[in-house]
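Visitor: Residue numbers (my numbering), protein chains in the order written: chain A, 1 to 471; chain B, 1 to 471.
Please keep in mind that the hints were generated in silico from the structure rather than gathered at the bench. Take every hint as true, because none was put in to throw you off.
Distance condition first, Cα-Cα at most 27 Å in a straight line; then the derived BS3-like pairs of lysine-lysine:
# : chain 1 : residue 1 : chain 2 : residue 2
1 : B       : LYS249    : A       : LYS249
2 : B       : LYS380    : A       : LYS72
3 : B       : LYS72     : A       : LYS249
4 : A       : LYS72     : B       : LYS249
If we take Cβ atoms under 8 Å as the criterion, some of the chain A residues that face chain B in the derived model are:
#  : residue
5  : GLU64
6  : ARG216
7  : PHE247
8  : GLU282
9  : ILE296
10 : ARG307
11 : MET383
Using N, Cα and C, we set each Cβ at its ideal position, and we do this for glycine too.
For reference, the chains in residue letters:
2 protein chains.
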Amino acid sequence: MSEILTSPTPETAPVEPDGRDEDDRAQRAQQLQQLRQALEDGDREALRAIFDELHPADVADLIELLNAEERKRLARLAGDALEPEVLAELEGAPLENLVEALPEGVVAEAVGELDTDDAVQLLEELDEEEQRRILARMARKRREELESSLAYPEDSAGRLMRRDLVAMPEFWTVGQAIDFLRSLDEDEGPEEFYDIFIVDPHFRPVGTVPLWRVLRTRRHRALREIMDPDPQLFRVDQDQEDVAYDFSKYHLISAGVVDASGRLVGRITVDDIVDVIGEEAEEDLLALAGVSEADINQPVGEITRTRFVWLLVNLGTAILASTVISLFDATIEQMVALAVLMPIVASMGGNAGTQTMTVAVRALATRELSALNAWRVVRKELMVSLLNGALLAVVVGIVTLLWFHDPMLSAVIAMAMVVNLVVAGLAGIFVPLVLDRLDIDPAVASSVFVTTVTDVVGFFAFLGLAALILL
Amino acid sequence: MSEILTSPTPETAPVEPDGRDEDDRAQRAQQLQQLRQALEDGDREALRAIFDELHPADVADLIELLNAEERKRLARLAGDALEPEVLAELEGAPLENLVEALPEGVVAEAVGELDTDDAVQLLEELDEEEQRRILARMARKRREELESSLAYPEDSAGRLMRRDLVAMPEFWTVGQAIDFLRSLDEDEGPEEFYDIFIVDPHFRPVGTVPLWRVLRTRRHRALREIMDPDPQLFRVDQDQEDVAYDFSKYHLISAGVVDASGRLVGRITVDDIVDVIGEEAEEDLLALAGVSEADINQPVGEITRTRFVWLLVNLGTAILASTVISLFDATIEQMVALAVLMPIVASMGGNAGTQTMTVAVRALATRELSALNAWRVVRKELMVSLLNGALLAVVVGIVTLLWFHDPMLSAVIAMAMVVNLVVAGLAGIFVPLVLDRLDIDPAVASSVFVTTVTDVVGFFAFLGLAALILL
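Could you put the whole structure together from the sequences, leaning on the hints where they help?
Guide: So, in structure tokens, the structure goes:
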């Protein structure tokens, strides 16, 4: 019997690549074409056939590839043939297009059928007026559940949680637990759960029993004996980033959510957290580049508006750098080689500063960098900046010498390079640390400050040294 | 009985912030101090007491905060008081420091006790010589398992998987399944599993039954009747990014891994994937900034070396931009205001290009952008660039007019701005698309190309137009 549990000795023979990516792409293209054909023909049966053989997430992917007009046609044609789960997979413009064109009753039914967490996510995407109209169509109990979830702050554990769960008192035995679960009708009670919550008479969690342990334990034993005490719990108002951090750090699969009085009101499962974790690093990436959304389905007007704000701020810093240059216009007039070389110093400072800043922003986000090790990291960055500044100074000094045959000019640019790289390294680490201490998201605000510093110092050091030494 | 399954109506009363972050920080600082004290005193019991009350992940965090000397002292003092799970949570320099100082037998024992996936991850961090010595100390069966896992390509499903799993034939009943699981000794057979794999006589998976469904089904029913057919499977040689993509897209908790002949050889659980997903967006972020590692525990020499390469490449592009400026040195000599203003055009192009490029790199990574919608996205980016170029041209034109009182100069910079922002937008979208098509990671290579384009075009457009129009 034991080989049932152990896998056979694996083969280590090399396996040829299966061209899976190419196949996937071709298949997707074909499905898209079939979908467009069905929409053009107004063929509801063909549409249903396409949907039936695909996972809701794949249907959602196809819908994202359609344009707004096609999405609306699809909504009108498909109606309730569109699974609720497909709507739950969508967001932004594609979802709005569908919801606008779908009969309100269909949307309300879909929201009613989804798990609470997915339903809340869908409702969040709608505007308040739509939310209200959809909620008004739901059964009272369901509506109250959803309304109370929506009453929690955005991005909180309360919004992420689902409400169906299995909770039992600690004196129940394994046998009682199983008998109870078996006694439920098939369409009653929770699905996709991984733990049984053990609660006290006030419905406060005192432990959890993972299902695999229930299955491996004899009937007569009490849940108390096999539970993991001190379960990891989240409060309804806790930020989803905290939740994601703990899930990731402690390798959680699911965890309970409690209200202010400590009562169990829901559970969060890791599949919802996976999205949050992916989003979190992505948000940092986007924020550092000055974009608020990676959503390629956003309308042009919205994209332009959000990106313009960032560009305008950066225009301010560019103009500031220009005023530094204008301080030295007489110097440049005497020696135009300075104008040729000056962007090098500023640009290298910008690159070095961005390197340090990016590492610092991530290390703060993952909580690897904190007040406890900040000084060690600062010292290290200073060393790295000095070393790289010195190395680059040599390279740029030689290039300048070969180009302009002026040893003093070469010395000036080398010195300016060291100065700017050290300043860049320090700005790259201090700016995020200070912003974090001030409770400002370092990802959003750091790069403007860092590039301002590296531009201003870069031009000032190079042109200033030139004015001092060369003229 | 039903209230056991449904949570009570939640309270929506506001909950005061609990100062959790501050508390955490203070607590961590205190633990660190206790740990340092214990190390200084050489107090093994105190050390053990600190470890005992913490989760292995928290112990690992503390160890990361120590310096190399302290880590070695800790290894010598703690010996086998250090839980294997703590080692599994560490990587890079902190792990190396410990392994160097720990007796080889202790490391071997730790590797022996860990789940296969964690053991492989730990071994991966060691150099080959160390790996060999540790493996030589293991029992034959365990050694062979680990060696065959290590034979799979790096970052493949084969390395991520654990080998203990529960597989049963489809004709077994729920009752048989439970009885079998109960019959296992407590220290025998798999833990932390969420599904039963249903396999054919050749050990090829034909379905999965989630444990919650086993618990909700009566004893006499066959597993065949309640299994999910067509289980999501991964091949041992599949890249972990593919695995992570599917886990995230299809909301998987666990999935089987099969060898080239389709036999089940292991399983991957979502908690290992959570790390991969977090890392993936982070890798893009770091690659775009020209850093290979966000590891703040890396030694100075390594950090300097990897960052220097990137800076050197960027020095090349900066020099290229300078040669463009040098083409116009006569023009600048006649009108030094050009030198003052020219960084503005180049820098705004760089910022706009980075925005577009960042979105494109992420959209490619998340597979939202592909050949199927590339043209739509390109058209959209072109529109956004034109709009933002026009808006910024107006702003910069007015600023220049107020500053230099020269309408023609103002017109030149405005025109150059539009040109460079459009080129930046196009470079920002085409460079990642082309690199992706050539199977080069767009995150690693895009920004050098994009900034080269925006620098060269920025200087060329502004100075060229100035030479044409103003002189």
